[in-house]
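S.K.: Based on the sequences and whatever the hints tell you, model everything.
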Amino acid sequence: NITTTSELTYISDSAFEGCSSLTCVIIPVSVRYIFGNAFRGCSSLTSIEIPDGVTYIDYGTFTECSSLTAIKLPDSVTRIGEHAFYYCSSLTSIELPDGVTSIGEYAFYRCESLTSIEIPDCATSIGLNAFDGCSSLTGIHASAGNTAFCSDASGVLYTKDMSKLIQAPSAISGTYRMPAGVTSIEERAFEGCRSLTDIELSDSVTSIGRYAFVDCKGLTSIDIPDSVTDIGVEPFSGCSNLTNVSHGSR
Numbered sequence: 007n008i009t010t011t012s013e014l015t016y017i018s019d020s021a022f023e024g025c026s027s028l029t030c031v032i033i034p035v036s037v038r039y040i041f042g043n044a045f046r047g048c049s050s051l052t053s054i055e056i057p058d059g060v061t062y063i064d065y066g067t068f069t070e071c072s073s074l075t076a077i078k079l080p081d082s083v084t085r086i087g088e089h090a091f092y093y094c095s096s097l098t099s100i101e102l103p104d105g106v107t108s109i110g111e112y113a114f115y116r117c118e119s120l121t122s123i124e125i126p127d128c129a130t131s132i133g134l135n136a137f138d139g140c141s142s143l144t145g146i147h148a149s150a151g152n153t154a155f156c157s158d159a160s161g162v163l164y165t166k167d168m169s170k171l172i173q174a175p176s177a178i179s180g181t182y183r184m185p186a187g188v189t190s191i192e193e194r195a196f197e198g199c200r201s202l203t204d205i206e207l208s209d210s211v212t213s214i215g216r217y218a219f220v221d222c223k224g225l226t227s228i229d230i231p232d233s234v235t236d237i238g239v240e241p242f243s244g245c246s247n248l249t250n251v252s253h254g255s256r
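Our numbering numbers the first residue of the sequence shown as 7 and each following residue consecutively.
This list has only true hints and no planted wrong ones.
So the derived label-pair ranges between C-beta atoms look like this: (1) SER96 x THR15: 25 to 33 Å; (2) ASN250 x ILE32: 50 to 58 Å; (3) SER243 x SER27: 32 to 40 Å.
In case anyone wonders, no lab produced these hints; they're calculated from the structure.
Where is the CB? At the ideal position from N, CA and C, for every residue including glycine.
M.R.: Next up, the structure:
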């Protein structure tokens, strides 16, 4: 366990990186900055207290903290950096403060125990693959007051105007029917949705991003509507049971 001194104002880059026997850290209220990879690879860390006043969870701060089950972020946090909680495989819950405006790329990648997450009102930016590999995730729920994002009844995340499908929760199962008006399925949007058995694409879809359905092992067939004119690289890579892909009338 570590308790830092009350005169400390920042924790430097990689300060505790690789401290695999560290189980608990109490950070004093004087700290304002925790820099990148500060606790990376602290695989035994189960508890940490982040004081109010810290505004940014930097790049890779808690990457591979595989024993961390829950963390409370102070209301002062406004940004979640890239890879911030990457591969925190035991993390079951996290409450994002209302003031969070951005979530970086791969921020929660392979948080395999995370079951649900709420996108707060102020969030206007969510990076690529922010929730990929979260195999227990049943819903990505944008708050009703958010002006940039929304979610449907299945917990699939969209832009507010429902034109872009950003990401489906990995634990989505059965049949998913895409609502009318969607024009774009973003990169890796359905990655790892292994219990998804059938998907009905909207006739308004014009583009499918690269790796959009990678590792959707439950899919056996898919009908791509005539409206689709742009398909990214390997959208069905790893779909080992997919035997039929049709493109509208063609």
